[in-house]
Each structure stands twice: as C-alpha cells, then as structure tokens.
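*Asks:* Residue-level listing of the chains:
Number of protein chains: 2
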Amino acid sequence: MTAAPTTRRPTRQRAAIAEVLAASAGFQSAQELHAQLQSSGTRVGLATVYRALQAMATDGEADVRRTDDGEAVYRACSEGHHHHLVCRVCGRTVEIDGPAVERWTAQVSAEHGFSDVDHTLELVGTCADCR
Amino acid sequence: MTAAPTTRRPTRQRAAIAEVLAASAGFQSAQELHAQLQSSGTRVGLATVYRALQAMATDGEADVRRTDDGEAVYRACSEGHHHHLVCRVCGRTVEIDGPAVERWTAQVSAEHGFSDVDHTLELVGTCADCR
DNA sequence: ACCGAAGGTGAGAACGATTGTCAATCTCAT
DNA sequence: ATGAGATTGACAATCGTTCTCACCTTCGGT
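Line by line, the protein sequences are chains S and F.
In this text, residue positions in the first sequence follow this note's numbering: the first is 116, and each later residue adds one.
In this text, residue positions in the second sequence follow this note's numbering: the first is 116, and each later residue adds one.
Calculated from the structure, these hints are not laboratory results.
In this text, all values refer to a predicted model and were calculated from it rather than measured experimentally.
C-beta: ideal position from N, C-alpha, C; glycine also.
Some clues are possibly wrong.
If the Cβ cut is set under 10 Å, some of the chain F residues that face chain S in the computed set are [what the hints assert, rightly or not]:
id: 1; residue: L161
id: 2; residue: C202
id: 3; residue: R218
id: 4; residue: T220
id: 5; residue: H227
Reference excerpt, derived from the structure (chain S facing chain F, CB under 10 Å, subset only) [what the hints assert, rightly or not]:
id: 6; residue: V135
id: 7; residue: T182
id: 8; residue: G185
id: 9; residue: H198
id: 10; residue: C202
id: 11; residue: R218
id: 12; residue: H227
id: 13; residue: L238
id: 14; residue: D244
Using C-beta positions, here's what the derived DEER-type ranges look like [claimed, not checked]:
id: 15; chain 1: F; residue 1: D174; chain 2: S; residue 2: S154; range: 35 to 43 Å
id: 16; chain 1: S; residue 1: L161; chain 2: F; residue 2: H196; range: 32 to 40 Å
id: 17; chain 1: S; residue 1: G175; chain 2: F; residue 2: E217; range: 30 to 38 Å
id: 18; chain 1: F; residue 1: P125; chain 2: S; residue 2: D231; range: 15 to 23 Å
With the hints as constraints, model all of the structure from the sequences given.
*Replies:* Structure follows, in structure tokens:
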C-alpha cells in the first residue's frame, strides 16, 4: 500500500498516458483517455491504458472516482482541485472553488478519526438559460 | 429527474425487496439481495430487483453507493439527506450531516443562476483502526 | 364483479466496462 | 550486444447491469 512492489519501468506509453492525464483538468475515463491518445496519433492499446491508470492510482499519482453509472474516472493527483456545477439540461459546466467545503470536510474527518481524506463534490442543477 | 412522473404501482415483488432491504443494516448489492430473496423462498427476477432498487433510489427511499470495483450497493434510507465518510481500507461508513455544505451549495448555485440544484458529496479516507 | 389500458415482471439476450491471456517487444543491468 | 524479466497489444473472457418482449397484474371506469 505504501511502495511499489513490482519494478515499474518507464515506457513511451506510460509517459503519453501520464501526459494526457496531467494536461486535462477534470476526471476522465480510461476509454476517453484512450480515444484522446488515438486522435493525437499516439497508438496505445486500451488494456495498456487501463493498466497504466491502475498503476498510477496505486502509486498515488492519480485519483480515482466512480461515476454514477459505475465508470472509473481518473485525474492527475497533484493539481489543484475544484468542483463542478453542471447543468442537467445543456451540460454547461462552471468550475467552482469551495474553501468553505474544504474546511468543513477537514473538520468532520478529524472528528471521526479519519486521515488522508479525499472528497468529491458535484453539483447538478438547471442553469438560467435552460430553466 | 426531480419528480416521479410515472405512476408507481405496489407489487408483491417491490414489497419483498423493500422489506429485505430494510431488514439489513449495511449496504448490499442487487445480486446479494436477489440471493437473499431466493433463499428465503421469494421468487423474484434479478432484473426486477435491479429495477426496484433503482426506483427506490430515485424516490429517495434508498441510498446508493459504488464499491471500489464499481458494484452498486444499496441500503434503506432512513430519512433526510446526508453524506458519507467511507474508509478506503475497511469500508466502514459514517453518515454525516452537513448543514454548512447545504448552505454553501445553495449560495453558490444561486450565484451562478442555477436552480433545482442537487449535490453529491463523498468523503473517502482512512479510519483510525486502519491507519 | 368485469374489462380494457398501462404498468410490472421474468427469462434470457445484449451491452459495455474492465480484466485475463499469451506471444511478441522493449528496458535494464551486465 | 545480450539475456532476463517487465510491458505491450489484440482478442477472448468476465461480470454487473440493462434491454427485449411476451405474459401477468393492478387500476379506473362501468
């Protein structure tokens, strides 16, 4: 859980995947990432994308989350994080920053004796234009 | 997404499913629930179990959560809306109530002109016992 | 109580994301 | 350069979940 038991070698594919992941702000599924690589001309197998993402998640280089329909989505771990307010009709997305929420989560976590707490917050509503 | 426009009829199967769900304390997958019904002699189709659980979740009668491997697990929802603090190691779950978060989301939503905003917040960390 | 209409059910097929398989390929240390 | 072992990729195999469709129930009117 703390170290990488299996030796991990640097490869062209891993680098490409890490790069694409780091380049985008939000969470992406393995399939989306694979599609991006394809369209950018980088030929990488889908299975490899899955394996690389899992490895990164295990090594703490990526965050994993499950969408409502069970798809696994990944995000580069170190980047600053924010949340999204999504319109359920047109899909418009607003990035929001929630210092208040961050503070609250930290407090609640501590109260229950939890450490290394990560959080996911998503707001879904109807935007002014779609009302 | 906000109301249940489709009329929902009471049936033997729905009742059985709701009962089993209410009878157990923790989260269960649709498959586990189905197995329980089978062994207790209640004959219900797996597809029906899935449909019923989804309906209950939509109607706010059940809580849904995704396990790390993407399986959907359900639990009877006591009442009111709350969030979860889940241990990433042992899966222990603490229900938390976040008036501060509720307030914050309402405010942010209003600021951006969004209405009927729903939110999902999940905290994942390592509990004291698993540290 | 009887009927037609619309929702509900169940068995099995279909789906789609993810994982396993295995020969070919690539990296690293020697 | 070379051999050992990690990595890759095309494809098959899993497995939870959803779809299809013919049959069964419940509901509202009569």
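*Asks:* With reference to the structure, classify each hint as holding or not holding.
*Replies:* Quick rundown of the hints versus the structure:
1. L161: violated, 17 Å
2. C202: Hint on C202/F: holds, closest Cβ of chain S at ~7 Å, below 10 Å.
3. R218: Status holds, d = 9 Å.
4. T220: holds, 6 Å
5. H227: Hint on H227/F: holds, closest Cβ of chain S at ~5 Å, below 10 Å.
6. V135: violated, 22 Å
7. T182: holds, 8 Å
8. G185: At 4 Å from the nearest chain F Cβ, G185/S passes the 10 Å test, so the hint holds.
9. H198: holds, 9 Å
10. C202: holds, 7 Å
11. R218: holds, 9 Å
12. H227: Hint on H227/S: holds, closest Cβ of chain F at ~5 Å, below 10 Å.
13. L238: With a closest approach of 5 Å, the L238/S hint holds.
14. D244: Nearest chain F Cβ about 8 Å off; hint holds.
15. D174/F / S154/S: 35 to 43 Å: The hinted range 35 to 43 Å holds for D174/F and S154/S, with Cβ atoms some 41 Å apart.
16. L161/S / H196/F: 32 to 40 Å: 38 Å Cβ-Cβ, so the 32 to 40 Å window holds.
17. G175/S / E217/F: 30 to 38 Å: Because 32 Å falls inside the window, the suggested range holds.
18. P125/F / D231/S: 15 to 23 Å: Check failed, 45 Å falls outside 15 to 23 Å.
Hints 1, 6, 18 from the list above are not met by this structure, while the remaining hints are.
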